[in-house]
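Go by the hints and put chains B and C onto chain A.
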Amino acid sequence: MSEPINRCPIQLTENGQLRHFLTTEGLPKELLTEILDTADSFVDMSAQQVKKVPLLRGKTVVNLFFEASTRTLSTFELAAKRLSADVLNLNISTSSTKKGETLKDTLMTMRAMHSDMFVVRHSDSGAAHFIAEQVTPDVAVINAGDGRHAHPTQAMLDMLTIRRHKGQFEGLKVAIVGDILHSRVARSQIHALRILGAEEIRVIAPQTLLPRHIESLGARVYTDMNSGLRDVDVVMMLRLQKERMDSALLPSESEFYKLYGLTRDKLAFAKPDAIVMHPGPINRGVEIESAVADGERSVILDQVTNGIAVRMAVMSMAMSGQLAEKNRAQPDIDNLNL
Amino acid sequence: MSEPINRCPIQLTENGQLRHFLTTEGLPKELLTEILDTADSFVDMSAQQVKKVPLLRGKTVVNLFFEASTRTLSTFELAAKRLSADVLNLNISTSSTKKGETLKDTLMTMRAMHSDMFVVRHSDSGAAHFIAEQVTPDVAVINAGDGRHAHPTQAMLDMLTIRRHKGQFEGLKVAIVGDILHSRVARSQIHALRILGAEEIRVIAPQTLLPRHIESLGARVYTDMNSGLRDVDVVMMLRLQKERMDSALLPSESEFYKLYGLTRDKLAFAKPDAIVMHPGPINRGVEIESAVADGERSVILDQVTNGIAVRMAVMSMAMSGQLAEKNRAQPDIDNLNL
Amino acid sequence: MSEPINRCPIQLTENGQLRHFLTTEGLPKELLTEILDTADSFVDMSAQQVKKVPLLRGKTVVNLFFEASTRTLSTFELAAKRLSADVLNLNISTSSTKKGETLKDTLMTMRAMHSDMFVVRHSDSGAAHFIAEQVTPDVAVINAGDGRHAHPTQAMLDMLTIRRHKGQFEGLKVAIVGDILHSRVARSQIHALRILGAEEIRVIAPQTLLPRHIESLGARVYTDMNSGLRDVDVVMMLRLQKERMDSALLPSESEFYKLYGLTRDKLAFAKPDAIVMHPGPINRGVEIESAVADGERSVILDQVTNGIAVRMAVMSMAMSGQLAEKNRAQPDIDNLNL
Numbered sequence: 001m002s003e004p005i006n007r008c009p010i011q012l013t014e015n016g017q018l019r020h021f022l023t024t025e026g027l028p029k030e031l032l033t034e035i036l037d038t039a040d041s042f043v044d045m046s047a048q049q050v051k052k053v054p055l056l057r058g059k060t061v062v063n064l065f066f067e068a069s070t071r072t073l074s075t076f077e078l079a080a081k082r083l084s085a086d087v088l089n090l091n092i093s094t095s096s097t098k099k100g101e102t103l104k105d106t107l108m109t110m111r112a113m114h115s116d117m118f119v120v121r122h123s124d125s126g127a128a129h130f131i132a133e134q135v136t137p138d139v140a141v142i143n144a145g146d147g148r149h150a151h152p153t154q155a156m157l158d159m160l161t162i163r164r165h166k167g168q169f170e171g172l173k174v175a176i177v178g179d180i181l182h183s184r185v186a187r188s189q190i191h192a193l194r195i196l197g198a199e200e201i202r203v204i205a206p207q208t209l210l211p212r213h214i215e216s217l218g219a220r221v222y223t224d225m226n227s228g229l230r231d232v233d234v235v236m237m238l239r240l241q242k243e244r245m246d247s248a249l250l251p252s253e254s255e256f257y258k259l260y261g262l263t264r265d266k267l268a269f270a271k272p273d274a275i276v277m278h279p280g281p282i283n284r285g286v287e288i289e290s291a292v293a294d295g296e297r298s299v300i301l302d303q304v305t306n307g308i309a310v311r312m313a314v315m316s317m318a319m320s321g322q323l324a325e326k327n328r329a330q331p332d333i334d335n336l337n338l
Numbered sequence: 001m002s003e004p005i006n007r008c009p010i011q012l013t014e015n016g017q018l019r020h021f022l023t024t025e026g027l028p029k030e031l032l033t034e035i036l037d038t039a040d041s042f043v044d045m046s047a048q049q050v051k052k053v054p055l056l057r058g059k060t061v062v063n064l065f066f067e068a069s070t071r072t073l074s075t076f077e078l079a080a081k082r083l084s085a086d087v088l089n090l091n092i093s094t095s096s097t098k099k100g101e102t103l104k105d106t107l108m109t110m111r112a113m114h115s116d117m118f119v120v121r122h123s124d125s126g127a128a129h130f131i132a133e134q135v136t137p138d139v140a141v142i143n144a145g146d147g148r149h150a151h152p153t154q155a156m157l158d159m160l161t162i163r164r165h166k167g168q169f170e171g172l173k174v175a176i177v178g179d180i181l182h183s184r185v186a187r188s189q190i191h192a193l194r195i196l197g198a199e200e201i202r203v204i205a206p207q208t209l210l211p212r213h214i215e216s217l218g219a220r221v222y223t224d225m226n227s228g229l230r231d232v233d234v235v236m237m238l239r240l241q242k243e244r245m246d247s248a249l250l251p252s253e254s255e256f257y258k259l260y261g262l263t264r265d266k267l268a269f270a271k272p273d274a275i276v277m278h279p280g281p282i283n284r285g286v287e288i289e290s291a292v293a294d295g296e297r298s299v300i301l302d303q304v305t306n307g308i309a310v311r312m313a314v315m316s317m318a319m320s321g322q323l324a325e326k327n328r329a330q331p332d333i334d335n336l337n338l
Numbered sequence: 001m002s003e004p005i006n007r008c009p010i011q012l013t014e015n016g017q018l019r020h021f022l023t024t025e026g027l028p029k030e031l032l033t034e035i036l037d038t039a040d041s042f043v044d045m046s047a048q049q050v051k052k053v054p055l056l057r058g059k060t061v062v063n064l065f066f067e068a069s070t071r072t073l074s075t076f077e078l079a080a081k082r083l084s085a086d087v088l089n090l091n092i093s094t095s096s097t098k099k100g101e102t103l104k105d106t107l108m109t110m111r112a113m114h115s116d117m118f119v120v121r122h123s124d125s126g127a128a129h130f131i132a133e134q135v136t137p138d139v140a141v142i143n144a145g146d147g148r149h150a151h152p153t154q155a156m157l158d159m160l161t162i163r164r165h166k167g168q169f170e171g172l173k174v175a176i177v178g179d180i181l182h183s184r185v186a187r188s189q190i191h192a193l194r195i196l197g198a199e200e201i202r203v204i205a206p207q208t209l210l211p212r213h214i215e216s217l218g219a220r221v222y223t224d225m226n227s228g229l230r231d232v233d234v235v236m237m238l239r240l241q242k243e244r245m246d247s248a249l250l251p252s253e254s255e256f257y258k259l260y261g262l263t264r265d266k267l268a269f270a271k272p273d274a275i276v277m278h279p280g281p282i283n284r285g286v287e288i289e290s291a292v293a294d295g296e297r298s299v300i301l302d303q304v305t306n307g308i309a310v311r312m313a314v315m316s317m318a319m320s321g322q323l324a325e326k327n328r329a330q331p332d333i334d335n336l337n338l
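Residue numbers (my numbering), protein chains in the order written: chain A, 1 to 338; chain B, 1 to 338; chain C, 1 to 338.
Each hint should be verified, as a subset may be incorrect.
No distinction is drawn between identical chains; accordingly, a pair holds when it is met within one copy or between any pair of copies.
Taking lysine-lysine pairs in the DSSO-like style, the calculated list, with each CA pair at most 30 Å apart, reads [to be verified]:
hint	residue 1	residue 2
1	K326	K52
2	K52	K166
3	K81	K258
4	K258	K104
5	K166	K326
6	K266	K104
7	K271	K52
8	K52	K104
9	K81	K52
10	K104	K166
11	K81	K326
Rather than coming from a laboratory, the hints here were simulated on the basis of the structure.
Excised from the complex, chain A in its bound form (with noise of 0.2 Å):
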């Protein structure tokens, strides 16, 4: 499990285009890194009078939420609209989806009305992936979160911001601090510092919100945040999911806030230039201490930013490669009409 092989072939095309974009595990480096550079430019064009490029242009973007989310689902609206596509948002409760009509028909009749692409959010790990299996080759299919199991544009939205402030990934450590077991955050960007070149990767909860065999992924294991934290470049807050929490696995939070939470003395043992991510919301208090929330070596509002230009990257991406895929799956089609 620690060969960085593309765990999830559906996402590319046989060029090596991307295709659908549901994890950052398995992906190539030069994958990751276009998506940087392409969201780059986005970044640079939002600081422009109009926002707008007509890449979807005549696209229709469906967001398939099954679970809320409404600042997911604002961030994608504005990337798909500030890429000129058509956007329908869907909030589907689970609950309606069981009355009368399975999951598969809901897809197929989006598919028919000639949706260009979902972007999918799930509680159910691996639910992106079913989907972009039933709608392909129509549609591209773009992760917005699924259970515990991956959340890639959020990961490669946290990548942009660490390049943008750290200009590579080599010779950084970065720490992960927090709920790592029931986030699908922390495993999306575990995938992508590794695939990226970070030096070292560390991970700091208590022990009961440790996935089992979470060294495997490549990361190394802290429970205390102090030593965790020594001589890091990064650290990457975690958002505590308190409706997932069983109450046994952790007693209160301000006990965890004590040993966990992100206050000036602790970041004290990071690097001097260390920056500090959070993926918001934050729980002030409870994650981290709203001096360094606020302080000069965050970089949250940075991510905000970073997360429209990544969405508008990998969509614009995801597109060109569902085209591409398209127009060599029916060249015979092509000829005809010649």
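Positioned in the frame of chain A, the structure of chains B and C alone reads:
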């Protein structure tokens, strides 16, 4: 009641152009054929890279849904966006309109915002017609389903699907199966099929789910499924409206499925090349066997694709008619400006 | 408090351009007149076939509604779309912002997404002003109603309606009738009328629905409806905010209607050509008699039409001001680029 005369003159201009689309009943064959021809061109377009035309650019389409229907709303929203309209979705529960504001006030307010088109969904039969009377001449009204009365765009997408598969209506035997009593779709289908010249229209349902005098619409009644399906070219299944059915009318879902569910065995009575239709969402194992729904005679997903095209056709035609009428209504004013 | 000085300097640029629109209080007469002139041109445009201008193309407008208001949201959404902006609607219940994220974090996040404009609706007085302070200089803020404080776009659409019917404000007697105490609209109307030069502003309400010191705003107080309406040119009815009223303040709706409902009998005291206004939605038989609301002196639907135009005017002017200020703030950066 057997003569196909225009029973809803409000929906045509003096010159016979479509102006509102409220019911298929009594419309001229030429007009229904024009809708199908226009929709055909949009089906072709939706396979293009850029699925957008500027026919409704700068126009405001308001989806006035007094009854929730995510699927129907989505198709109209997409159709309007692909015509380049600005779209406003208003989910107006009946209760909220009762709270302080009358329906008429709501309509006059939306009209005063210079809306150009209302897409109306309402649980009361006749609601779309009432609204069209109120808002004329500024606004075109499209009926997206009103009570048990009509669902004309659904009927026309069904007609488009039949024509694309069978080439013409002449000589066709068509069976409509299920809860005829509560179905606005069945009424609109029967009217459209008669006008377009289908040879024989059959309705198949238990006695308790048949409206009185259904024969007067021009349909032959069968209570036995196998007899009704014998030699038909088209099988149109209806959706079982569970929430609308009184328990006394029907013993159980399994009983219904046994007698009227479309299985491979029953389908064998139809012609070998008969097509199978369903408006969706499908209740598998209640109205239809999965092997039939997903089988080679099923054209259910074609119906979805055709649904966008038919809505684009009806919206663009009604907008043309409304503009033509408005120009005719103000010739003196225009002349004064010369 | 009787001098019309700029009580909210944040809403103007150094050069006196509109930059945010938070309150009508203290704005220069020239600026209010510019809003009306600009809105006038948009009223004319909205009768055109293509009701769209590219003034906000590539800009992102976020409707931040902390308090639900379908009608106000719709007018701002339509106005933004007709200016060609990309629009994001966020319904943020107060409870959800309490759950984990502070208001400031929400704002900073939306700002980091490179939003250009926030349209803010909030139940707390002063919320829009607070938000404008937080997000300057990247974002322009439009107040869509904050607590009992202000609802300036409603006031300005009322001013536009008066000017289009009466030609000017000089010499006009205007009566504002109803629940003055809880009305943000009344405050904004009184300020705007004074600034624009109305001759006499009257408020008519029961003693229990009058704020203390209302005279200091420049209004004459009447508790008797007939006396208050005598010889007025304009009658502005307020909406009865049932949910905000303490039962002790008012015995019953029928009692209120008897004393302060606008009937034909009471309207007879006003000038023969007096116009009747109401912000909607109307409570027929509570605030106003149907024969008056639908009568020839009613300009209620004109208010709706003018509401879109005023919002387009304010949005485009604030965007110009915000861009001018941003350019002034970065001259050195721009020069470095030469």
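Requested in this report: Enumerate the violated hints, using their earlier numbering and listing them in ascending order.
Outcome: 3 and 7
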